[in-house]
Amino acid sequence: MQVRKVCLLGNFYVGKTSLVRRFVHAQFDEKYQTTVGVKIDTRVVEVDDQAIKLVIWDIQGSEDVVLEHSSYLKGAAGFLVVADGTRPATLEAADQIYRKMAEQNNRVPTVLLINKADLEDEWRISDQDTETFTSRQIPVFHTSALKGSNVELAFTTLTRQLLDK
Amino acid sequence: MNIQQTAIRKFQDHLGLLALHIDGDGKVLAWHGDAQRLGLPSLQHGDVLPDALMSCWQAADLAEGESRLTFVEIDDGQVVHIHMELIDGQPVLYLFDANREYDFQQRLQQKANEVSLLMDEQTRTLEALKEAQRELELRRQEAQRASDAKSHFIASMSHEFRTPISSILGYAELLSETASEDEYSRAIRRAAWHLLILVENLLDQARFDKREIQLNPDTVELDVLFDDLLELFGLQAKNRGIEFHVTKPSIRRVRVDGLRLRQIMINLLSNALRYTSRGSVSLIGDYQDDCLTLRVKDTGPGISEEHRQRIFLPFQRLDSKTTGAGLGLAITQQLVSAMEGDIQLDSRVGEGSEFTVSIPCPLEEPAETAALALTGRVLVVDDDQDILELMKIILEDWGLTVLTAGSVPDAMRQVKAASPQVVISDYHLPQGTAGDLLRELDAGNLDIPVILVSGSFTSSSLRKTFSDRVAGFLTKPISVEFLHHIVSELLTGEKSD
Chain D
1 MQVRKVCLLG NFYVGKTSLV RRFVHAQFDE KYQTTVGVKI DTRVVEVDDQ
51 AIKLVIWDIQ GSEDVVLEHS SYLKGAAGFL VVADGTRPAT LEAADQIYRK
101 MAEQNNRVPT VLLINKADLE DEWRISDQDT ETFTSRQIPV FHTSALKGSN
151 VELAFTTLTR QLLDK
Chain Z
1 MNIQQTAIRK FQDHLGLLAL HIDGDGKVLA WHGDAQRLGL PSLQHGDVLP
51 DALMSCWQAA DLAEGESRLT FVEIDDGQVV HIHMELIDGQ PVLYLFDANR
101 EYDFQQRLQQ KANEVSLLMD EQTRTLEALK EAQRELELRR QEAQRASDAK
151 SHFIASMSHE FRTPISSILG YAELLSETAS EDEYSRAIRR AAWHLLILVE
201 NLLDQARFDK REIQLNPDTV ELDVLFDDLL ELFGLQAKNR GIEFHVTKPS
251 IRRVRVDGLR LRQIMINLLS NALRYTSRGS VSLIGDYQDD CLTLRVKDTG
301 PGISEEHRQR IFLPFQRLDS KTTGAGLGLA ITQQLVSAME GDIQLDSRVG
351 EGSEFTVSIP CPLEEPAETA ALALTGRVLV VDDDQDILEL MKIILEDWGL
401 TVLTAGSVPD AMRQVKAASP QVVISDYHLP QGTAGDLLRE LDAGNLDIPV
451 ILVSGSFTSS SLRKTFSDRV AGFLTKPISV EFLHHIVSEL LTGEKSD
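Quick note, the sequences are listed as chains D and Z, same order. Note that this note's numbering has the first sequence beginning at 1, numbered continuously upward. Note that this note's numbering has the second sequence beginning at 1, numbered continuously upward.
Read the hints as simulated data drawn from the structure, not as lab findings. This structure is a prediction, so every number in the text was calculated from the model and none was measured. Even glycine gets a Cβ: it sits at the ideal position worked out from N, Cα and C. Each hint should be verified, as a subset may be incorrect.
If you anchor each label on the Cβ, the simulated ranges turn out as follows [said to hold, decoys possible]:
1) D:Asp121 <-> Z:Ser116: 17 to 25 Å
2) D:Thr134 <-> Z:Glu127: 24 to 32 Å
3) D:Thr134 <-> Z:His21: 35 to 43 Å
4) Z:Lys27 <-> D:Gln137: 35 to 43 Å
5) Z:Ile3 <-> D:Arg107: 54 to 62 Å
6) D:Arg160 <-> Z:Lys27: 42 to 50 Å
7) D:Val3 <-> Z:Asp61: 17 to 25 Å
8) D:Glu152 <-> Z:Ser147: 58 to 66 Å
9) Z:Ala146 <-> D:Gln137: 28 to 36 Å
Could you put together the complete structure from these sequences and hints?
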């Protein structure tokens with residue numbers, strides 16, 4: 001079975017750990033627990049009749065994760081960059097993260113997750129704001145770790161891109 | 001085990017150290033330390049590294065001989081620091097138990113992140129507050145614009161109303177001076193005054209909103225005023241079975257704004273009659289120490305302490321059964337205040353009320369009306385034909401030659417053709433204003449004194465604008481006596497008191 005390392009990146013409190021928990025364990029915990037360092041989890045995904053094991057690195061949210069934790073990123077085959085729909089600053093941070101990653105890892109498959117879709121009424125990020133990502137051909141998903149919406153889709157979309165590599 | 005080995009073992013236990021020797025495919029060749037403590041209880045020789053550790057090994061950058069990963073949460077929630085290196089070309093992974101350090105770091109980071117989130121929230125709240133303030137300011141500006149539009153509307157209406165009422169009052173005055181005067185003409189005059197007061201009440205509310213009030217002190221014949229009030233309210237009282245008593249003051253003339261004085265008295269008497277269903281209403285005038293005192297007493301229901309707090313507020317009525325806009329007392333209090341006077345209320349529920357108004361005003365000597373004859377040419381400019389005719393009658397009666405014009409161009413033609421010595425002009429004219437007329441006169445070096453007439457409540461602002469150029473200001477309805485006073489002064493060049 002093919003094994004691929006994927007990393008979740010983004011500011012703190014955007015819901016990276018909750019997304020992994022939803023994707024891997026189909027669970028959600030309301031309580032916010034800051035991640036320090038990295039949590040590594042795995043899940044086998046079947047895409048186009050192919051099984052692929054994702055080793056998912058949920059990396060501590062920080063302003064400059066690429067510089068501060070570059071050792072965590074080595075060998076990553078894909079990235080899930082996460083922003084919080086209620087906090088526009090997290091999308092700016094996501095953009096900076098992607099730019100620095102792109103400088104170091106060339107064209108590694110990436111998807112953008114705008115999380116907390118269950119709070120969409122409070123969102124302050126519009127489709128127009130994510131145009132910088134869509135113009136780079138990066139798929140954008142509105143996800144909810146709480147409800148599970150689009151979480152599976154985001155991971156499988158990235159996985160499909162990994163298979164193509 | 002020798003002493004050295006024992007010491008090393010204890011040190012390993014203290015650190016929670018596990019050393020894993022693996023081959024190039026990640027298979028475990030040997031290990032030293034407590035594998036169970038670090039979440040690897042079933043570790044066997046020849047096993048491939050668990051996924052998390054294998055992924056860490058694959059992430060190792062050994063270009064500089066060693067590589068480190070800190071705070072890695074692997075299986076079963078165990079957190080380790082991982083140090084990786086090659087010893088004699090053989091990969092070795094050192095795992096250090098980082099659980100206690102992690103707990104400490106996690107608590108610190110959690111606090112820091114929560115503080116940061118709170119600050120974000122605070123920033124958002126401040127932004128929302130600023131947005132609300134901006135919104136409030138916009139609403140305030142909108143309200144101000146609406147208020148300005150209202151004032152502008154009232155100014156226009158003021159002009160529109162005052163012109164025909166001036167006309168009615170003027171002709172009624174003329175009728176009353178002829179032998180043919182009868183009860184009908186007096187009734188017309190009283191009703192016109194009443195109508196004017198009602199309009200003034202509304203206009204004054206707008207004026208007070210803008211803190212604009214202009215007093216025009218003039219000679220007031222108290223006999224005439226009290227007779228008018230007796231006739232105006234006497235019939236009304238009689239029809240309702242209420243006695244109406246009027247006691248005139250001992251003096252006959254005072255110098256005060258007659259329109260405002262009449263407005264105050266009509267407001268108080270209208271109120272007294274409106275609320276009194278039986279008994280009497282009395283108006284008692286007195287004059288002492290340069291102060292005119294007017295008392296309006298009624299045997300109505302009286303006003304409770306609670307209601308006394310709000311009866312002087314605009315648009316307040318004591319009960320829903322009564323008619324009226326609820327402006328009378330509010331306007332009255334404001335007018336009395338503008339005239340530097342005082343208003344007092346004495347009332348007992350079930351017995352009646354008594355309003356006492358005191359207005360400081362000097363006594364006025366009888367006017368020398370016999371010596372009114374004047375000579376000269378006067379141009380009257382107004383677009384209302386009735387007003388033109390009225391002014392013509394009044395001015396010609398004084399012996400003056402009167403020219404009339406209905407617009408600025410018409411007025412300029414008359415000025416050039418007949419050289420009038422005085423121009424009396426309404427402010428609002430077709431094809432311009434009296435301001436345009438003044439500019440054209442100045443442009444032609446025609447230094448003719450101009451008396452400005454306005455029916456609009458903006459007259460106070462007109463005064464400010466044209467005070468240097470205009471010889472006098474009159475507000476409709478025009479005081480004939482004051483007009484004579486100004487015209488006479490301009491034509492004779494003498495000041496008359």
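That 35 to 43 Å hint for Thr134 (chain D) and His21 (chain Z) (C-beta), does it hold up?
Because 48 Å falls outside the window, the suggested range is violated.
Ile3 (chain Z) and Arg107 (chain D), beta-carbon distance inside 54 to 62 Å?
Once the Cβ atoms are compared, 58 Å apart, the range 54 to 62 Å for Arg107 (chain D) and Ile3 (chain Z) holds.
Against the range 17 to 25 Å, how does the distance between the Cβ atoms of Asp121 (chain D) and Ser116 (chain Z) compare: consistent or not?
Cβ of Asp121 (chain D) to Cβ of Ser116 (chain Z): about 23 Å, so the range 17 to 25 Å holds.
I want to verify a distance hint. Is the separation of the beta carbons of Glu152 (chain D) and Ser147 (chain Z) within 58 to 66 Å?
holds, 60 Å
A range of 35 to 43 Å was offered for this pair. Does it hold for the Cβ distance of Lys27 (chain Z) and Gln137 (chain D)?
Given a distance of about 40 Å, which is inside 35 to 43 Å, the answer is holds.
For the hint 42 to 50 Å, verify it against the beta carbon of Arg160 (chain D) and that of Lys27 (chain Z).
Between Arg160 (chain D) and Lys27 (chain Z), where Cβ atoms are some 31 Å apart, the hint is violated.
Is it true that Thr134 (chain D) and Glu127 (chain Z) lie within 24 to 32 Å of each other by Cβ?
With Cβ atoms ~27 Å apart, the hint holds.
With respect to the beta-carbon atoms only, verify the hint that Ala146 (chain Z) and Gln137 (chain D) lie 28 to 36 Å apart.
violated, 53 Å
Do the Cβ positions of Val3 (chain D) and Asp61 (chain Z) conform to the proposed distance bound of 17 to 25 Å?
For Asp61 (chain Z) against Val3 (chain D), whose Cβ atoms are near 19 Å apart, the range 17 to 25 Å holds.
Comparing the model with each numbered hint stated earlier shows that hints 3, 6, 9 do not hold.
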